[in-house]
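Participant: The listed protein sequences derive, respectively, from chains A and C.
Quick note: the first sequence, position 339, residue 339 per UniProt numbering, numbers continuous.
Quick note: the second sequence, position 52, residue 52 per UniProt numbering, numbers continuous.
Warning: the hint list may mix true and false statements.
Label-pair restraints from in silico Cβ distances [unchecked claim]:
| hint | chain 1 | residue 1 | chain 2 | residue 2 | range |
| --- | --- | --- | --- | --- | --- |
| 1 | A | 113 | C | 106 | 43 to 53 Å |
| 2 | C | 15 | A | 132 | 49 to 59 Å |
| 3 | C | 106 | A | 132 | 56 to 66 Å |
| 4 | C | 206 | A | 113 | 34 to 44 Å |
| 5 | A | 16 | C | 176 | 20 to 30 Å |
| 6 | A | 132 | C | 252 | 49 to 59 Å |
| 7 | C | 100 | A | 197 | 49 to 59 Å |
| 8 | A | 137 | C | 176 | 43 to 53 Å |
| 9 | C | 206 | A | 132 | 32 to 42 Å |
| 10 | C | 164 | A | 364 | 34 to 44 Å |
| 11 | A | 16 | C | 133 | 36 to 46 Å |
| 12 | C | 254 | A | 110 | 56 to 66 Å |
Note that these hints are calculated values from the structure, not bench results.
The C-beta atom is built at its ideal place from N, Cα and C for all residues, glycine as well.
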Amino acid sequence: MSSVSLEHIYKKYDGSDEYSVTDFNLEVKDKEFIVFVGPSGCGKSTTLRMISGLEEITKGTLKINGEVANTKAPKDRDIAMVFQNYALYPHMTVYQNMAFGLKMRKYDKDQIDKRVKHAATILGLTEFLPKRPSALSGGQRQRVALGRAIVRDAPIFLMDEPLSNLDAKLRVSMRTEIARLHRSLDTTTIYVTHDQTEAMTMADRIVVMKDGAVQQIGTPAEVYDNPVNVFVGGFIGAPPMNFFTLDFDGKYLTDKKNGIQLLLRTEQARKLIQRGYEGKSIILGIRPENIRVDKEFVVAHPDTTINGEIVVSELLGNESQLYCKVNDKNYIAKVNARDHEEPGTKKVASFDLDRVHFFDPETELVLK
Amino acid sequence: MKRTNKHSVLSNILLIIVLISVVFPFLWVLVSSFKNEADIINYPPKMFAGHYTLANYVDIWKTIPMTRYIINTMIYAVGVCVISITLDSFSGYALARMRFRGRTFFYYVVMVTMFIPFAITMIPLFMELSEFGMINTYPGLIIPHATTAFGIFMMRSFFVGLPEDLAEAARLDGLNEFQIYFRIMLPLAKPQLITLAIFSLMGSWNDLLYPMLMTTDQSMRTLAAGLALIGGQHITYYGPVMAGTIISMLPLFIIYMFAQKYFIQGSAMSGMKE
């Protein structure tokens, strides 16, 4: 059993007036794969480093396996960590790199040998064991870094953007490899990335962060389908969610300047009126795949159409991304490849109102 | 294609000229050390003589206490070298990696001392050592040179370039700060340390003014100082001086031959990327 619990964790660096991490709360369950995601500087790596013990905790309580670990030395925390730029010791061979942590912990030689060879087999590194890191490619080095963590047999893995130095193709294959390792090794993993695709594909739960604060914690589906605020809606998902600031008159949502007018469902309108948004403006968020251009849908939903011009279009094989513009307003629609059109074409699209989100323009929080 | 050939011919000629102008004086000294006095001062000068002798080498050994000088120089140069690379790498590491108050200030202070010429500190240093009764002693020769601003600067520049992750990975592997330094950082700094050691050895071995000033006793003189002084007394016999110069150059030459690989690596600062 291994669990990590962060209770009201704060971090302020020496000489800084502002907190880099504020009031971070999270319960990581046994064998869970947690991903911290957010733009650079949002405090996700800082939080991971506080868990590892490489960074001091300014305020709050960190518990590892139920025990307060705030002041425990990194080596006593039952964790193994994988760094962004691998952090392999250049003067040691792959074998020595993997064995070093165990040697320092005074394991006997046979056991070290067994573990290193086992990890090397899992990762396909056996033939590279006598080589130095400088003789390996980026992907191989990253696997050595993983191997170094595996041999430790630590119940908790911390990974700080381990794939960001790899090329796109390798990143995808290493992503699956890490997910597979997590399952087969039965570890609890906390993974930091700025790449929302990695977060969506690997995580059991995602922690979305911004400016040192947690925005939302949830499964990938929850975070994608029910973002709690404009930031999460915009950050998770590629291409990002479209946002329109519209005036609500009790029935229609309109943007007079750009000629957008959408007739809301009675139920939706009633809820907004109840909340006192009549006569006020509101932010509507809609994912690109929910701006539909297929004829059937557009014909069936004539009251929620938007009449834009395609500025850029990207055909990705099975689907196409249409970057459109209506007057000053830009939006993206993700459509089936057969609805792909060249730039310059006028395209009528219709909003799928079953899948829109409303946000308060001031707090930017979702209206449920 | 032709252009490239022309270029390489030109650059080769230029390199040969530079090579000759660098090597010629050494060759002159080497050949002269085996000539007799008359052939050395012969005018017009000739590179090679008809007759060669080992007499100069015997003479120099007889005229001055060569063995003593060599021992003194070795104690001085090796002492300074060992102590200064130890202290320089410690300080360089601390200034590069440790977080403490006034780190930048101390670094600048060290840097500033590089710009003070020896001529300015010479007299006060002599007086200081004299007060401590350290003139004519090995500690008096070694301690003032036990660390150098250049060495600290060089080691700091190297350590600053090493990724922070390396130390952090080591910390997670259970190493304390000293172990991180000795087991991770120092092995990586090998080319730099060797370069610094050669710089230091060379500097002390050839140092003239400083050891001459800090030693007044014949028995405490170093090679460079001792050789310089025989040149100045009464009549100068060039042959023995040339022989003495060759003897004093030899050890450094041998060391350089062996450490050349590291020396080039280290001075190019091309250490490690990760």
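Participant: Tell me the numbers of any earlier hints that the structure contravenes, in ascending order.
Facilitator: 2, 3, 4, 6, 7, 8, 11, 12
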